[in-house]
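Asks: The listed protein sequences correspond, in order, to chains F and G. Taking the working numbering, the leading residue of the first sequence gets 586, the next gets one more, and so forth. Taking the working numbering, the leading residue of the second sequence gets 14, the next gets one more, and so forth.
Since the hints were made in silico from the structure, they are not lab data. Model, not experiment: these values are computed from the prediction. Accuracy of the hints is not assured; some may be wrong.
Claimed, not checked - Here are the simulated lysine-lysine pairs, DSSO-like style, with alpha carbons at most 30 Å apart:
#: 1; chain 1: F; residue 1: Lys648; chain 2: G; residue 2: Lys408
#: 2; chain 1: F; residue 1: Lys743; chain 2: G; residue 2: Lys408
#: 3; chain 1: G; residue 1: Lys408; chain 2: G; residue 2: Lys385
#: 4; chain 1: F; residue 1: Lys714; chain 2: G; residue 2: Lys801
#: 5; chain 1: F; residue 1: Lys714; chain 2: G; residue 2: Lys782
Said to hold, decoys possible - If you want the ones that stay clear, here's a sample from chain F, every Cβ over 10 Å from chain G, calculated:
#: 6; residue: Ser603
#: 7; residue: Ile614
#: 8; residue: Ser657
Claimed, not checked - Okay, the calculated beta carbon distance ranges per label pair:
#: 9; chain 1: G; residue 1: Leu785; chain 2: F; residue 2: Ala606; range: 46 to 56 Å
#: 10; chain 1: G; residue 1: Glu675; chain 2: F; residue 2: Glu655; range: 40 to 50 Å
#: 11; chain 1: F; residue 1: Glu655; chain 2: G; residue 2: Ile21; range: 26 to 36 Å
#: 12; chain 1: F; residue 1: Asp718; chain 2: G; residue 2: Glu675; range: 34 to 44 Å
#: 13; chain 1: G; residue 1: Leu1140; chain 2: F; residue 2: Asp718; range: 35 to 45 Å
#: 14; chain 1: G; residue 1: Glu675; chain 2: F; residue 2: Ala606; range: 49 to 59 Å
#: 15; chain 1: F; residue 1: Glu655; chain 2: G; residue 2: Phe1047; range: 45 to 55 Å
#: 16; chain 1: F; residue 1: Met586; chain 2: G; residue 2: Ile21; range: 57 to 67 Å
By construction, the Cβ of each residue, glycine as well, lies at the ideal position given by its N, Cα and C atoms.
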Amino acid sequence: MAFVEFQEVRKEYHMGDSVIAAANGVNFIVEKGEFVVIVGPSGAGKTTILNMLGGMDNCTSGKIVVDGQEVSACNDRELTEYRRYDVGFVFQFYNLIQNLTALENVELASQICRNPLNPRTVLREVGLKERMDNFPAQLSGGEQQRVAIARALAKNPKLLLCDEPTGALDYRTGKQVLELLQQTCREFGRTVVVITHNQAFAAMADRVIHIHSGTVQDMTCNPNPVPAERIEW
Amino acid sequence: MKAYGKVILRSITRSKARFFAIFAIMALGSGFFAGISATAPDMRQTVDSYLDRQNFMDVSLLSTLGFSKQDVQAVSHTKGVEAVMPTWSEDVMSHLANADEAIRMHALPEKGAEDTGSSSMNRPVLVSGRWPQNTQECVLDQKKSLVKQSLKLGDEVTVQEQNGQKLLKNTQFKVTGFVQSPMYLTFTLGNTNIGNGQLNRYMYVLPQTFSSSVYTQLAVKVKDAAQLNSFTQAYQDQVQPVCSRLTEVGKQRSPLRKQEIIAPEQKKLSDGRKAYDSQKISAEKQLSTAKEKLADASVQIEQNAEKLQDAQQQIAEGEKKLKEARTSYTANEAQYEQKKQEADTKLSAASQQLQAGRSTLQKAQEQIDSNKLQLDAQEKKLTDAKSELDQQSQKLSAAQTQLEASRRKLEESSGEVEQARQALAQLETAGQGATQEAASLRKMVETYEQQSAQLKTAEQTLEQNQQAFQQAQQSYKQQSAAAQPKLEQAQQKIADAENHIQKEQQKLDRGEASYQLQQQQAENQFTAAREKLSAAKAQIDQKTQELQQAKRQLASGQQQLAAAKTAFQENQKKYNQSQKDTQTKLAAAAQKLADGEKQLNALQNPVWHVLNRDKNLGYNSFTSDANRMQSISHMFPVFFFLVAALVVLTTMTRMVEEERSEIGAYKALGFSRKAIAGRYLLYALFVSLSGSLVGVVIGCMTLPTVCWNAYRLMYNAPAIVPRVNLFYSFISCLASTAITVVATFSACWAALQEKPAALLQPKAPKPGKRILLEHITPIWQRMNFSAKVTARNLFRYKKRLVMTVVGIAGCTSLMLTGFGLKDSISHIVSNQYTDLSLYNFDMNLKSSLTDSTKAILNDKSHISRWMQYAYRSADVKNAAEKTMSANLLVPEQAGDLPKFIRLRNRRSKATIPFGRNSVVVTEKLANRLKLKPGSKITLPDSSGKVYPFTVTGVTENYIYHYVYIDPQLYQQVTGETPQYRSLWGIHTGSGKADLNRDLGKQPEVSTVIFMDDIMKNFDNMIQALNSVVLVLIFCAGMLSFVVLYNLTNINITERCREMATLRVLGFYVHETAEYIYKETTILTWIGCAFGLVLGIFMHRAVISTVEVDVCMFGRSIAPLSYLWSILLTLGFTAVVDLLMFPKFKKINMVESLKSVD
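Next up, chain G with everything else stripped away, as it sits in the complex (with noise of 0.2 Å):
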């Protein structure tokens, strides 16, 4: 036995190669195998520990008229229930990150959310802040979707309670921290009765905040539910039961809990008719007394305008006399003037003669004035001779003094002049020397005599001058003589005409007295008749201004009269109108009183829905999941077990081929086939083994975890605790080595059939064959020799090229499924928001379109095009009752929708109409719901109440679904005209910033979104799915890798012989190489070929097993991604060609010729 051992093992140590290919092919098969099929046990698993751990409900009991304290009694008595938690939820509205979202509100466990004791139930897990810890505080879902979250801790919140509900005693809420609930698994968080119908987060509030008494559900615990995994039919069973007895218990109590409602309601209603009663005797009381006060007025009116038409006439009158007065005082008037004018003139004529008087008296004057002129003139001429005279005898008289004087002198000078005569003589006597004073001498005699001389002339002047004096004294005696009497004469003349004109000029003044008093006497006339018309002036004019007051004073009371009637038709109306107000509302009471009898009388008793955990959104989408995912773990291992068993087949039989002889020889020593085939069953076994539970291994710790994150991507919960999953990874252990064991067995049976001497011989070459190819001569002669050679090679070694395209195909497709896979999801949102939508940008509005935000919607250098459409989510309907939610859309104009949607069939791309009575359903919405064109379904209005429509067309789409609706049609069925708040747009792309921020600031716009970001953050998120590609990649890389070495492996060893023959005939290694490598080559094209197809099928296979219920994945794979497919694949075979190549190297052209094969 020893020995025995030290075979086996050194078979594993002597031919590496192959021990590696079976263990690696067993590892990836059993290790993939048990990997994904572990997933959906273990995503189960996780989410069960975490339901349990949050202690989710099992069943949750929700009722139309709620639950009172009795209610909760009779629940928590019913077998089987082992606790019950009397809550409430209610939806609420608030505008929280720019835009209206419904709220569901949930009251906390009573005894808080950490509280484990089974009446706790559904305790959210508290991810960031704290709880809160009084009613004005909140904790809120931990947003992880696409709209970025926008509300921190310590943000506010404020609700609005809807339908006129009345449960919290506060609406206003401080965020202190962010959960995950497990009643919301995903990340679509369910329908709701309010808003748009979406349901976009939940919140938390402690219990106190719900201030009614009623409680809106109860949250069940199954007895033993707990420990049973909630996703099995043992715990099915355990809950079922409940239910059942539930919904009994329901029935009992809802009788009861009707009349818990009614006792009061109907008290109420009886005092409302009271009230009722007396309200209308008041009123109708009231209303004569208004109708008494109203003949009244009337009255007074029509007196009052009795009493107008009095002052009227009196004004009349009064006008008339003012105007008789007026008409005679112009009269006078005229008169007076007229006079005035004659007075005038007469006193200007009057005047005209005392200045014609005056002036002649003037001029006489001046004339006696001139003549008083010329004779003071002779008068002074007279005079001024006189004075001449009188003058020249003054002169005459001072020259006879001078004269005088002159002569004294002269006399005594000639006593000296003697003296001097004297001295002269003397001297000239004297002589000579005496000359000098001879000569002054002599001179002053000549003096002497001179002087003397001049005496003598003037005294003759003077004479003459006394005579001439004489003379002219002589002339003016006479002329003055003469002149005298005629002076006198004149001035007699003059005194004359003075005193003429002295008596004229009395008498003009007279004159002037008399006119002066005549005209004083015509004024003080004129005045006084003046005075007279002025008085009369004035009377008429104080008269006119009495009128004129006394017809405002008519105007005014002309007005108030007319007021008065007003009012008096106005309060007439009044009166009419409150007097058919009090009717209705009488009526109105009267029918609310009615009506509250009738709902009283109509009131159904409550139905209680007894809901368990497959009613919950979450819960739900996550079993379905969990069972997808369970069905792929079913399809892809069998393509790896399948490849692993025909490696282990042809490796096998191999390695029994090349110990033929080996064998021979055992049989030939004694051995038995049970201890020669357990040789190498054991081999097999112990390589099968232990490759698997490497696999299995590293398949449970892996492939579970990238799966599960992946679909994190939607949910909300843990983490998968890695572990290995002993079932799975038993099964596939099991199947790996039965598989291996049979194909070992298998390829020695042969061996072990044949007698030792046959064994001992070496086997016959498999003989050459023609291949079909052959005989198809244009296609064979065109071949070259190598190709020839290729191709025999190719069809002799059926075996091989059955593994090596099954394997390759495999490889192929499983990449291709990965790459398929990636671009299904990527291309979803290309697919929708570039190719489908046409709009780029959506809006959300709180109430219909202004004209300014009209104005930017209209300004086309932004926008080329916009149009209103309605929208809800609604529950679809189909003929066989199987419903879907689905968003109704309802175009404004029936004629836009195809110019912001593109209507079409997916795979013939032709255009599907939309117009009058048009109805188009999108393709997943209608595959789900087996509809066609012509289908019936119901809709719902947004009241709730059902109507039929019938399908007119299927369209492509892949996110969410939707109902188009021709708006006529929609409110001829229905009746109801259609919200239009929602908005398409289609941008020009330019601006998108500025766009954004003036459609945000505009007041009835509550969302603005654009396509763009949305494909962002889709982009973001489908990046995580990649981790999943990867791994398929991976697999099915290392699926090729190890056929691919495994066959080229054999294939190099089977045919060692030609090989060496080659290199004998002188072959280069390299052309001996590509001898092989060209059968590989081949053999990678043909499973490549049928990778692809494979992989078309497989792919569609798993989008619609992986495909998650709001999405329509793309069915489509992308060029690149064959490409892709088909470049790995040969990158693979390439690394194995090359990791083989030396093998061709070392080839032993002795030794392999020197033995017969």
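Pulled out of the complex, with its shape left as it was, chain F reads as follows (with noise of 0.2 Å):
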């Protein structure tokens, strides 16, 4: 059995009296270890997919499973948990706590989780030994990103999910993120999926998952995966 499973997931809003659906009977699997990249025009349902992956939304119909658990059956505390112990978020505006340092940030995440990995060790890891005690204001973009990531990472979490990463940096900073992404995955074997409107990153993922309007175009495996620093956009 595959670590994920996406099974005819439908997740449906109301509008009105209208019903949109912005996952349309979605069905992927991904392997343990895997990077993952799925990518998709904007409104595709990328964020859809991602959120009822990261237990932050529930699917309306369809069955998603996560390392043998349903989590598309979990109640709201049961979700909770599964965000708390399983799953690691790196977003697009990175979502960092204002008033705590880039330590503190990473320390918010590591005291909730079951074997969270050292702040400063993480944070040294992905380059921030010297700004480690600076708060997100007095960070560029891209550390900010990288603090993000850390906290993600600290969690020592199964599977990691990052919303359009590079989204709000720069090419070089964006390349640096990706590299550590990918270092991620490959060092520590953990399963990575980022969402991405950004084709070029498929070759540096293991698994590329193709969505369109709330579907699954295609879903290609990658046996050469290109290493982060030589992919180009």
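Assemble the dimeric complex from its two separately framed chains, guided by the hints.
Replies: Given below as structure tokens:
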């Protein structure tokens, strides 16, 4: 059985009288330790899929299984626990707590999970050894995103979900972040799912899932993924 | 414009929490302000209309010599005077409710108490019963003070006029009703110069009850003053000129009035002088006659004394004579006795001789008698023998006769026998057949033979007997012949002896006769002598009696004389006395006359006292209470408005921030700043106006009533009619609207300054910052992660920090003030009666203590200790001539006082010594008169004369004001001995009822009051104050609720993204909530701490403002009150947290994280 499995997952939003299906029967699988890139144009339903995968949102129908656990059947509390122990999130806009330093932001996450990594070590590993005691406002975008990644990693999650992690970054820092994510996957064997509209990222993935209009258009496995530093966009 | 309005309406419906926050804080702030501010005006309005309704006088005139009809005329013609009501009032004493009470009697208006004319002033309100209809009836005040109402309708009240006043026609009244008078607004009625100085009741009677033609008081109504509120300057301005004019009238009338009084008095005086002269003459005359009488009496006594002397002498002589007579009598008696004895001896000797003679005779007689007996015996023998012989001879003759008979028989039978023998022989011949007949015949023959034999023997015996008889007869004859001479001889001898005796007997008889004669003679002699003696004795006795009689007479004579002497002396004394008396009386009369003349000469012109309403105790204390209420109303609302401003500012700021992009859009669309700002301003205006209008109405309708009801515990006035005070409502609404508008404007001003492009951009989040605490490494390092986060967050939003802390502090302080107010008031009683007063019962006496009462008091099983003290209410004046009424208390023994009352400094608890020269005043009195040890004060003695004293100490005290004075010092300074007519005691607790009964029975005991009863009464009264405290607590609670609700609401909306992040990271809902609640809780604690400090000050300020004159409220707040304030504040926080919890659940992670902030 696959590590992550989506079976006919649907997500519908009610807008007044009309029903809009953000996910319209999504099916895919992800194996453990894979670097997965989900690509698709804006509004294709990528984020919806990620939200459902990350336990932030429920699906209307279908089945989502992560590491044997049926996430789609979880209640609020179980979802919270799932997020708490199994998932790490990286957002496009970092979502750091402004009033906490880089280190504290990481600590905030690490203090609530079972086998956290040392926040300092993680920060050092993401290259922020010198900026640990800085507030988010004092850090550059890339640095902030690295703090966000460190925060996600420090939780030692089964699954690292990244929603447009480079979306607010310039090319160079974006690349660095991608490198960091790939490195995490390769070195720690962690399953990483990256959502992007950027087709270029597909090259570096073990598995690429193409989303269009709320359905999986195509899912390809890439036997020879390119290292992140070599991809261009 | 339609769309514009819609936007505003939508803003409201879209964010109910925000709308509620502003609405509530505005309602609360303006309602509280308007309500509290309206309280004082409402109170004044209520009392003013009450006074107008009862036509309360504007000016009261009193004069030292009363008012005549001319005075009344003069006053009524004074400019500005609308009406004058001449009336009477007098202070009298009565024994009511088991205590002596001072009562002020007032006359009802002439036209009746219901008359509404302007000249019927000070009309009392009938509470129950009916108005008096004759001079024997009265209405009393409706007494609601501490002592239980013991009088009921129909009871009799007997009053005594004091100080020689005689104004009343009648002193006994039936209570027909109970009233409430506008002259007495407070339950404390004031002072009087009778009794113990305290006025206990007032009474209204018909004016006819007063007999005097001189009025004691003129009640004056000032023209056009009634329309004005009495508590305003306008009223003062209206009344003051009239007062001045009346003072002038008084000065003019004064000498005239004096003349009115002097004229008749002078006449009286001259009459008196005449009477004195005539009386003096008659008295002198009386004295001289008495003197003469006395001289006569003296002479008589002397004469009588001489007479008595003579009598005494005579008696002495008589006594001497009697003595002599008695001596001779005794001698005679002795002689008589001797002679008698001698005679007796002689007589007894003679008697003995006679006796002896007689006994010899007796013996001789006896001899004779025995001889005679012997003779008789011999004669008898002879006779006996003869009679025997006779007998024998008879027997013999009888036997002869018998024998003869027998012989004849035999002879007769011898014929038969012969026949028988013949027959026998025939028979024998006849043969045998005739044997039987033969045998009987043989037998017959044999019997005949036997009998014939027997007869032969008997004849023989008879012969023998005849022979023996003849022999015996013979012997007898011989013997008799021999004895006869002898017998005759003996008989002769006896006869001789008898003769002899006869002769002797005769001799003896003669002797005896002579003896008897002699004896008779002697006895006769003696009897005569005895008679003489007894006659002499009788004489002597008589004489003695006579003498004694004489003596008795003498004694009585002497007694009489002595009595006469004493009587004389007494009369003499009396005379001297009456002489002296007459002289003193005359002197006194002369003095009186002189005094009268002097008085008359010294009679000063009467002084008119022109008293406006401020001089009325009830009116005055009401004025100051209303003013106090006013000052409170300035204190509290400031808080509410401050917090309201903060709430509105933060809320509106948040609103503007939330709608930042919208503002940007409006701006980009070309809306003017005015239009954009107007939207928010209108919103704010709408919310604040509606909120404050609702608040104002609620506040005005409730708060004045609640506060005035608490005040009415001390006032006799009608309830407030709730109304919306337009002035304060307007002010209140204006203030709250202004605050909201200013806050709103300042909130959107910054946003309006920005360029539309910038506005469309999300506002950069407030950057994190290191806080001061982080630099204190030791503390910071010890804090755990979440504590650090919380700490940093707290200081991140300073505006909210301030708002919360101020809001919570306000809430806590208000509650603490409320609770503290309750403590202060309720502790008065326990402080005064359990901490300070060591005594637990108080007694008032009518006269000095009797032994039986002392015995009860000295019973150690009930009463451990007691002391007497003198007590009077008096005016204390400080060096600056400021006066306050206080109780003057002089213990009988200075050293005893500290055993009954704790004299100590309130703060340091240090004991204040009391002993020689001590003058200790109570704290509030000291504060009011600015006294400290060493200050000079003056105190009046019981006659009102004023003496200086130096304060030696200030002691803690809560109820009433006291001046404790060392008795020696008091006597030394005033020269007056205090009347110790009150008593404190400490009873051991058990048997209170018995003690009360026993003491109450004592004739001199007027009242016995137990402190625990007083405490109970006080406690009941204070219960009512809880309503005020409740109002405070409720308002405070509302305040804290609104503040916390708003704060939490803003916190959540503002930090929605943060919350979402935390949720995404896997924080549970409750952990997310805690993240915020922790901050709220900490802020609540900080607010609480500030609030407690603030509360202490506020409580102090409020206490000193609301405190009534006679009490010092407790200055301390009970620990429990702090606890309650904290707990309630925390409780409100908890409620708000609970209400807000659902909001955390509703945070939408996806939505919150989508947008950039």
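Asks: Regarding the pair F/Lys714 and G/Lys801, is the alpha-carbon distance no greater than 30 Å?
Replies: This hinted pair holds, its Cα atoms lying about 21 Å apart.
Asks: Taking the minimum C-beta separation from F/Ser657 to chain G, is that value above 10 Å?
Replies: With a cut-off of 10 Å, F/Ser657 remains clear of chain G, as the shortest Cβ separation is near 16 Å.
Asks: Decide if the proposed pair is consistent with the structure: F/Lys743 and G/Lys408, CA atoms, cutoff 30 Å inclusive.
Replies: violated, 201 Å
Asks: Range hint 34 to 44 Å: satisfied by the CB atoms of F/Asp718 and G/Glu675?
Replies: Hint holds: Cβ distance 38 Å, inside 34 to 44 Å.
Asks: Is it true that the C-beta distance of G/Glu675 to F/Glu655 lies inside 40 to 50 Å, as the hint says?
Replies: Given about 43 Å between the Cβ atoms, the range holds.
Asks: I want to verify a distance hint. Is the separation of the beta carbons of G/Leu1140 and F/Asp718 within 35 to 45 Å?
Replies: With Cβ atoms ~41 Å apart, the hint holds.
Asks: Confirm or reject the claim that F/Glu655 and G/Ile21 have a C-beta distance inside 26 to 36 Å.
Replies: Taking Cβ atoms as reference, F/Glu655 and G/Ile21 lie about 49 Å apart, which means the hint is violated.
Asks: Hey, F/Lys648 versus G/Lys408, does the alpha-carbon distance stay inside 30 Å?
Replies: The given pair, whose Cα atoms are some 200 Å apart, is violated under the 30 Å limit.
Asks: G/Lys408 and G/Lys385: Cα distance at most 30 Å?
Replies: violated, 34 Å
Asks: Starting from the range 45 to 55 Å, see whether the pair F/Glu655 and G/Phe1047 falls in it by beta-carbon distance.
Replies: holds, 53 Å
Asks: When you take the CB atoms of G/Leu785 and F/Ala606, is the distance between them in 46 to 56 Å?
Replies: Taking Cβ atoms as reference, G/Leu785 and F/Ala606 lie about 54 Å apart, which means the hint holds.
Asks: Against the 30 Å threshold, does the CA-CA distance of F/Lys714 and G/Lys782 hold or violate the hint?
Replies: holds, 20 Å
Going through the hint list in order, the structure does not satisfy hints 1, 2, 3, 11, 14.
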